[in-house]
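Peer 1: The listed protein sequences derive, respectively, from chains A and B. Position one of the first sequence corresponds to residue 1 (my numbering), numbered consecutively onward. Position one of the second sequence corresponds to residue 1 (my numbering), numbered consecutively onward.
Treat the hints with caution; some may be incorrect.
[As the list claims (entries may be wrong)] Anything over 10 Å on all C-beta distances counts as not near chain A; from chain B, calculated:
id: 1; residue: V28
id: 2; residue: D30
id: 3; residue: I53
id: 4; residue: P55
id: 5; residue: N58
id: 6; residue: W91
id: 7; residue: T132
id: 8; residue: K145
id: 9; residue: K146
[What the hints assert, rightly or not] SDA-like cross-link-like pairs, simulated, lysine to any residue; straight-line CA separation at most 20 Å:
id: 10; chain 1: A; residue 1: K146; chain 2: B; residue 2: P55
id: 11; chain 1: A; residue 1: K75; chain 2: B; residue 2: K26
id: 12; chain 1: B; residue 1: K26; chain 2: A; residue 2: K146
id: 13; chain 1: B; residue 1: K75; chain 2: A; residue 2: K75
id: 14; chain 1: A; residue 1: K75; chain 2: B; residue 2: A43
Read the hints as simulated data drawn from the structure, not as lab findings. In this text, a Cβ means the ideal position worked out from N, Cα and C, and glycines have one as well.
Number of protein chains: 2
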Amino acid sequence: MRRSLSILGIVALAAGVLSPAYADDKDVIDYRQHIMNTLSEQAAALGQILSTIVPPDNAAAHVEALSLTASTALKAFEPKVLGGESKPEVWQNWADFSKRMNEFAQKLAEASKEVKAGHTEEVLLNVTDALTCKGCHDLYRDEKKKK
Amino acid sequence: MRRSLSILGIVALAAGVLSPAYADDKDVIDYRQHIMNTLSEQAAALGQILSTIVPPDNAAAHVEALSLTASTALKAFEPKVLGGESKPEVWQNWADFSKRMNEFAQKLAEASKEVKAGHTEEVLLNVTDALTCKGCHDLYRDEKKKK
Chain A
1 MRRSLSILGI VALAAGVLSP AYADDKDVID YRQHIMNTLS EQAAALGQIL STIVPPDNAA
61 AHVEALSLTA STALKAFEPK VLGGESKPEV WQNWADFSKR MNEFAQKLAE ASKEVKAGHT
121 EEVLLNVTDA LTCKGCHDLY RDEKKKK
Chain B
1 MRRSLSILGI VALAAGVLSP AYADDKDVID YRQHIMNTLS EQAAALGQIL STIVPPDNAA
61 AHVEALSLTA STALKAFEPK VLGGESKPEV WQNWADFSKR MNEFAQKLAE ASKEVKAGHT
121 EEVLLNVTDA LTCKGCHDLY RDEKKKK
């Protein structure tokens, strides 16, 4: 039954019948956490490669996955729903927050473009410059609220 | 000092001086968990979109991120290091495990190709067929060992 309902939902969505919206605040928080957790996991995997403790076979894919995910992140913060690890300053200083997030996505998009052009080794030399996570987390993330 | 050493490592890696290898078993387990956690977070985000509780703006990016990450997963299991949530059967039945993982990656690669061709809505109708997570987890993952 669950499956039928789900398929119905998807069909309705594809047909433009439903106008999907965030169902409630928990969904909004869950969604942005899925995205930020993805960034964290992929940055950690890439970090292991940069530290030469893991072979670099997947390095290009990690850079591309980071770039794709960074491009999705700002959208997930657009609903002004306080909670999770986000400080209220995310929305109080939205211009700064969104500028930082866009720059982060832009730097990773450039890195991803270079990787696709076959310049993975050069990208690995500089990619930590693109991973500006800490500067933003210091201002906008409350790690004490981590689940 | 840490930073200097790290840069030295990266330069050496880029120059082909270092032959990086997994430093120890914990690194191997951590690395594959970063990849499997990425799949879990991205599948959950896509699931929220399929359930129409989150707007579908990022749907294409999630499919592409899943495809990229699936393409990196098998490599992370190649070192035969028991532990984490992996059952010993991963390596006892390597032919079946790797076949399933390759099929998973292949299905998502096809979905990603369709998304890039602009057919995201059609992909969303069928993408759950590609997310064969449960069949593999039932055989090869011990969730009780989850951290």
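Peer 1: Determine for every hint whether it applies to the structure shown.
Peer 2: Evaluation of the provided hints:
1. With a least CB separation of 8 Å from chain A, V28(B) falls inside the 10 Å interface cut-off, contrary to its annotation.
2. Against the 10 Å criterion, D30(B) falls within the reach of chain A, whose nearest CB is about 7 Å from its own CB.
3. Remark: the non-interface label on I53(B) conflicts with the geometry, its nearest Cβ contact in chain A lying 4 Å away (cut-off 10 Å).
4. Against the 10 Å criterion, P55(B) falls within the reach of chain A, whose nearest CB is about 5 Å from its own CB.
5. Listed as outside the interface, N58(B) is inconsistent with that label: its C-beta sits roughly 4 Å from the nearest C-beta of chain A, within the 10 Å cut-off.
6. With a least beta-carbon separation of about 18 Å from chain A, W91(B) lies farther than 10 Å from that chain, consistent with its non-interface assignment.
7. Its beta-carbon lying about 15 Å from the closest one in chain A, T132(B) satisfies the requirement of being farther than 10 Å from that chain.
8. Every CB of chain A lies more than 10 Å from the CB of K145(B), the least distance being 18 Å, so the non-interface label holds.
9. Distance to chain A confirms K146(B) as a non-interface residue, since its nearest Cβ pair spans about 14 Å, more than 10 Å.
10. Taking the CA atoms of K146(A) and P55(B), the gap is near 25 Å; set against the 20 Å cutoff, the hint is violated.
11. Distance restraint check for K75(A) and K26(B): the Cα-Cα separation of roughly 35 Å exceeds the 20 Å cut-off, and the hinted pair is therefore not satisfied.
12. For the hint pairing K26(B) with K146(A), the CA-to-CA distance comes to about 23 Å; that exceeds 20 Å, so the pair is violated.
13. Distance restraint check for K75(B) and K75(A): the Cα-Cα separation of roughly 32 Å exceeds the 20 Å cut-off, and the hinted pair is therefore not satisfied.
14. Restraint check for K75(A) and A43(B): satisfied, since their Cα atoms lie roughly 17 Å apart, inside the 20 Å limit.
When held up to the earlier numbered hints, the structure conflicts with 1, 2, 3, 4, 5, 10, 11, 12, 13 and fits the remainder.
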